[in-house]
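With chain G held as given, fit chains V and L onto it using these hints.
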Amino acid sequence: MEVLSPYKEATDVIFEAGGEPLKLCYQCGLCTGICPWNLVRSFLVRRIMHEAQLGATDFGSEDTWTCVTCRACVQRCPRGVEIIDVMRAIRRAVASLGIGTVPDALRISAKNITGVGNPLGEAPEKRNDWARDLKAKDFASGTEILYFPCCVPSYDPDVKTVASSTATILNKLKIDYGLIGTEAKCCGESVRKAGYEDTFQSLAQNNISLFSSNDVKTVVVSSPHCYHTFKNEYPELGGKFKVMHITQYLASLIAKGKLKFSKEINKKVIYSDPCYLGRHNDVYDEPRLILQGIPGLELIEFPDAREDGLCCGGGGGRIWMDTPKGERFSDIRVEQAAKKGADVIALACPYCFLNYRDSLLSTGKAESMQVKDIAELVAEAI
Amino acid sequence: MEEPRIGVYVCHCGTNIAGTVDVEEVAKYAETLPNVIVSRHYPYTCSDPGQELIKKDIKELGVNRVVVASCSPRLHERTFQTVLREAGLNPYLFQMANIREHCSWLHEASPELTEKAKRMVRAAVNRVSQHVPLEIRGLPIFPATLIVGGGISGMQAALEIANSNHMVYIIEREPSIGGHMAQFDKTFPTLDCAACILTPKMTEVARHPFIRVLTYSEVVGISGFVGNFRVKIRRKPRYVDEGKCIGCLICQEKCPWTALSEFNAGTSERKAIYTPFAQAVPNIPVIDTEHCVYFLKGKCRACEKFCDAKAIRFEQSELIFELDVGNIIIATGFDTFDAFSIPQYGYGRYPNVFTSLEFERLCSPTGPTEGHIMLADGRPPDSVAIIHCVGSRDKNYHEYCSRVCCMHALKYSHLIKEKTNAEVYQMYIDMRCFGKGYEEFYDRIQNEGVNFIRGKVAKVTDEPITEEEKNKLIVLVEDTLLGTMLRVPVDMVILCVALEPRKDANEVARLFHLGRSADGFFLERHPKLDPAATMSEGILIAGCCQGPKDIPDSVAHASAAAARALAMIARGKIEVPAVTASIDEDQCSGCKICNLLCPFDAISFDDEAKISRINEVLCQGCGVCAAACPSGAITHNYFTADEITAEIEGVLA
Amino acid sequence: MSFEPKIVGFLCNWCSYAGADLAGVSRLKCVPNVHIIRLMCSGGLSPFLILKALEAGADGVLICGCSPGDCHYREGNYKAIRRMALLKRILGQFGIEQERVQLHWVCASCGDEFVDVVNKMTAEIKELGPLRAGAISN
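If you read the sequences in order, they're chains G, V and L. Each residue of the first sequence is one higher than the one before, starting from 9 at the first, in my numbering. Each residue of the second sequence is one higher than the one before, starting from 46 at the first, in my numbering. Each residue of the third sequence is one higher than the one before, starting from 7 at the first, in my numbering.
Isolated chain G, as found in the complex:
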């Protein structure tokens, strides 16, 4: 029989890396019950908490990298334990102390970010290539809005449409906006969740000094991950500017009467709440308001929407890792959408876009259904 002794030194390492909230856990297992992983495989969140409490954490375990940081458990935890902080602390211990192994795919993405400032390993000078034909101007002091599209739409050929649609809308509405130079880097949200704290700090410092030297007052972002870190994490590091997700910005333009739709989209559209917009930041209504405003569009809902919305599987650095077929949450989502008779799955996050795009292909539904960012739908209807 295996006998364990509590090893408080390991607990201390996790505490030092920010895992102290786990002290409060009373082991009810609600987190496990809520965790979306248990729809597809076993993932005992509670057990990870208890192992960490006793210093019995297996830093080499694959489960160290499993959590998608979707916040479903934190939202309901009866003791208010910030479970994501604990998961991040365990990863931090691995990444910084080298006491376990980081999955290859994640290590490469992190290396890319450190090297060229984006996880895709693309050339920094090509960051704004997507906008070449759109006459988007460079941000200069005094420009009203900085549009910051996220690395994925900037480089990924399929997802570029998120950025270009946004620019098209802003152009049509004659908004005074600009793009920041190619020295911008990844916001760092996902590498931070993956445990690369130092990398995050240097990315944040780079972006903060870039924004402040350009006198940026308001940033509009396409990615809820950029939104989250700019809004909730950069201020502590000195980055103080107003941040709006594109859906919030567009909803405000509709409210002011500046944005009006002229074309109909006669489709059944189902909206998937991004975790970092919804559960992490309580933005649920604006994306729906926009979709409901488009003439002809019929908005339908997933069986578990809003606070209960299922993650696409791309948070917490998982977007850079491989998830085996049969364990992809976005596959479940695509099936649910098909069952509801949706024509389009509307999204508001580039990571969701990547995952749903792949799921449409792998489930053979690319013919019958489309994935579209809300910005794309707005650009079509304007």
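Hints may be right or wrong, so weigh each one.
What the hints assert, rightly or not - Partial list, derived from the structure: chain G residues whose beta carbon lies under 8 Å from chain V:
{"#": "1", "residue": "Y34"}
{"#": "2", "residue": "Q35"}
{"#": "3", "residue": "S50"}
{"#": "4", "residue": "V82"}
{"#": "5", "residue": "R84"}
{"#": "6", "residue": "P86"}
What the hints contain is simulated information worked out from the structure, not anything from laboratory work. Virtual Cβ for every residue (Gly too), placed ideally from N, Cα, C.
What follows is chains V and L alone, placed relative to chain G:
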């Protein structure tokens, strides 16, 4: 005033003080202070010989003011004040220096501690010179007691007091007394039926010569103070003449209009003219004007037509009257947590998800199913899940433990096993079976073959993934002891909902000047040593309005509150504390600033004399008025500006 | 010898004095610079007495009351907050640093917090140095 002759007594407290403070030196130093005629040090000043020492000095040396340098005044101020009183000195000619908690225990050992103790003694000597004798006065009280709430706690307190032949009024806002306990079927851990032990008590209360039960009534106002409250009561119209009604209930039988039964927790209907349950006390119906069609549309009067006693009174109106009482016991009970707040458990969406209170009614022979445990479609369940801690022990709802749910969950298991032989699953976080006979009851239920799953339920769903889950409710939970996710298909789910403060607890708190603890329940004066009293003198709390309790604890709490009230009734008068504020009428400019500041409405304005006056009985001695008076006309006795200045100068000199 | 500030601590009877007692009973240790004077309520402290303490030689005044919502006289501590705001303005006019008069909430079970408050405030006053003589009376 006579020249102060101060005696100083420095306590060793064994080694607690003497270990780090040179008590001998402190005592010697005290001798050098002005007006000190004797200074001693003694191993345990609070002991009998220590007290005798002080008494002897008062009598033989003519000591007329006393300073004791020992522990916290919160511990022994009263002890030494009694010594003074017994020796014939006014107890307020006394000052303590807290050289234990605030000196020898609080700082690292160093010679500085002796110096600090000296400064503290000097400050006390300075201050005691300023003290003046204060009067403790007595005031007669009303012997009657008002009890708000006619549940088990209110009834228990009423009987305790009334059995001493003192008048008690019970105010109950429902048409009948009985409270939540009347809704229960069996009671844990003995499984005696609630009605069998409660209804005789209800009858006893109703027939007691010293108890007057006022149902369908509420307290709407209160004035006065401890021992001398005047309470304003509103009696809602029953529309039935209580003197004439013989309780035949033909009206209820003939009434064609219905509403959901509150007593059956909404699981069945009642009529628009109704008594809430068959054993209601008083057994006199009320007309619910929100559902009576005569009141809504002016037509019907069926009840009137069939009433042989001619007791229906559609023209009745509400009655406002006043009662004079000396003590008030608040026993307003609890509400149950709204299960709709946790949508993932499916309450309201799935007809076979019940709350604990609904299940009590389902089990009860007087309930909607005459005691048959059945599903919404009338079938008996093959399997039942009982979910613990619904709304309890959860920061998103109530952080506290509701204390009764583990036990009633065990009771439900037993009743289900007894009546249906269904498979029972208990989903619990921790089993808390702490009372007398409770662990034994847990043992018994386990022996009956109930399944225990340790884990907080994540979700109840009706979406099957296997054949055997079809047409079932599936409970998703991690079995934390196995370390595996479970899907438990059942026919019925019972949610053990939290006990929470009454929805209108805030208004009740404001009316009776009660504090509320962080959980929203009424705040007791001391959580351990004074759980039935409140910070408002003469207002006591009993039962679940103070926090979740089971029946034995509610009864004990109610008896404790009754004992408190009886103590005052037996004394027949109250002592007004001397630490109050008083106004120098010559200096008062009549600015009224203090009137509004007083949290106890103890200061009123005398329109004729154009000055403010303090009711010393209402005054609780906080000193807010004295600190705010721009004319310096208010004195906070025992804490006067001169006294505190003397102490300040003492510590700083 | 280094400067040892003298601080007068006004503690309400119900929460803060009990909290300080608890600190002692728990044998928590703090610097001996605060001299405690018991009041019934933080709301019953006249600003006059605070100035009096500074005039009589205190380098700082600490006022401790029940946490908001916990006042045994319902809302005396709120009155203390309001009074404090006014007093700070007066102190400014005397040229006395704000840090010399501090209001903190210390509950009856907050022995450790009391010790923290005392240590922190003493360190801050040490930093400021002695209150210049006659700061109030002149």
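Next on the checklist: Which constraints among the numbered hints does this structure fail? Numbers only, ascending.
Outcome noted: 4
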